[in-house]
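S.K.: Here are the chains, one letter per residue:
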Amino acid sequence: MRATILVRPKPGILDPQGEAVQSSLRQLGFSVDDARVGRVIDLELDDVDAATARAELERACEQLLANPLIESYEIALDG
Amino acid sequence: MSERPRPRIAVLVFPGSNDDRDAALALERLGADATLVWHAEPELPDIAAVVLPGGFSYGDYLRCGAIARSAPVMDAVRRFAADGGLVLGICNGFQVLCEVGLLPGALRPNASLSFVCRDVALRVERADTPFTSLAERGHTLTIPVKHGEGCYFADEELLAELEANRQVLLRYEDNPNGSVSAIAGVTNEAGNVFGLMPHPEHAVDPLLGSDDGTFILGSLVNAAAERLLTAA
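Protein chains in written order, with this note's numbering: chain A, 1 to 79; chain B, 1001 to 1232.
Treat the hints as calculated values from the structure; they're not laboratory data.
Source: prediction; values computed, not measured.
Ideal Cβ positions, reconstructed from N, Cα and C, are used throughout, including at glycine.
Heads up, some of the hints might be wrong.
What the hints assert, rightly or not - Facing chain B, a subset of chain A residues (Cβ under 10 Å, in silico):
(1) Asp15
(2) Ala20
(3) Arg39
(4) Val40
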């Protein structure tokens, strides 16, 4: 089973990377009002049922993959 | 006058630490015996304090300091801190202590996105702690910073808690990185764990511009020595 984790800076958290990306896009002529930069983590998991996998991934996100104080995360399972 | 004992202080070494030897040298000059301890060690030796040095532990992968939470030595540091042991995190060491939950808050990329490397002025908010006892409240210290991710973040609720408990020990006079409330260094609620972005170990000799770092590290060495005497 594969899993994809999306980690984003929480709303309201200053994201200087996003600001730099937005300003660069605008300089290239793209009309972008806001940009936020997060992170994608692709994982290959042992074969377990989806509920178990999701519970494990929640723990992995809370303990390591995201910092819950400043980041939110989304888990998508595939296969 | 009786001879003051030289407290033994552990300086942790992670893959990618690069200020460990400077920290050890500074502690030795201030009257401690510094012992380098590798991250894979499951136990700490018999020590009176622990220092987590600056650098780029584990290549700063994922988030600065994040990977350290799986280091065997950090379980020992958690136990040491839970027993009231003195723990100091400098720069990357501060990031590690926040990531493992021994200190409140988080460190984010500098608001300017630029790496800052220069002397900064710091206001001492409290002098009645094991990390600042040699300074005076309101005293200005000149100590260098060198970091790309030193923007301290705490949400409003946490910030109010930190201020109410007087956990902020150092504030920037001219905020170099966008930290909330210009916070340069905070303690845990119990006051035995302290983290700061500036590098006191790089400011222990006037030849290098300032020796104000001795106010922080010297305080730690004194506190560690006192603990030895109390325990004896």
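S.K.: Give a verdict on every hint.
M.R.: Hint check:
no. : hint  : verdict
1   : Asp15 : holds, 8 Å
2   : Ala20 : holds, 6 Å
3   : Arg39 : holds, 8 Å
4   : Val40 : violated, 12 Å
Of the numbered hints listed earlier, the single one contradicted by the structure is hint 4.
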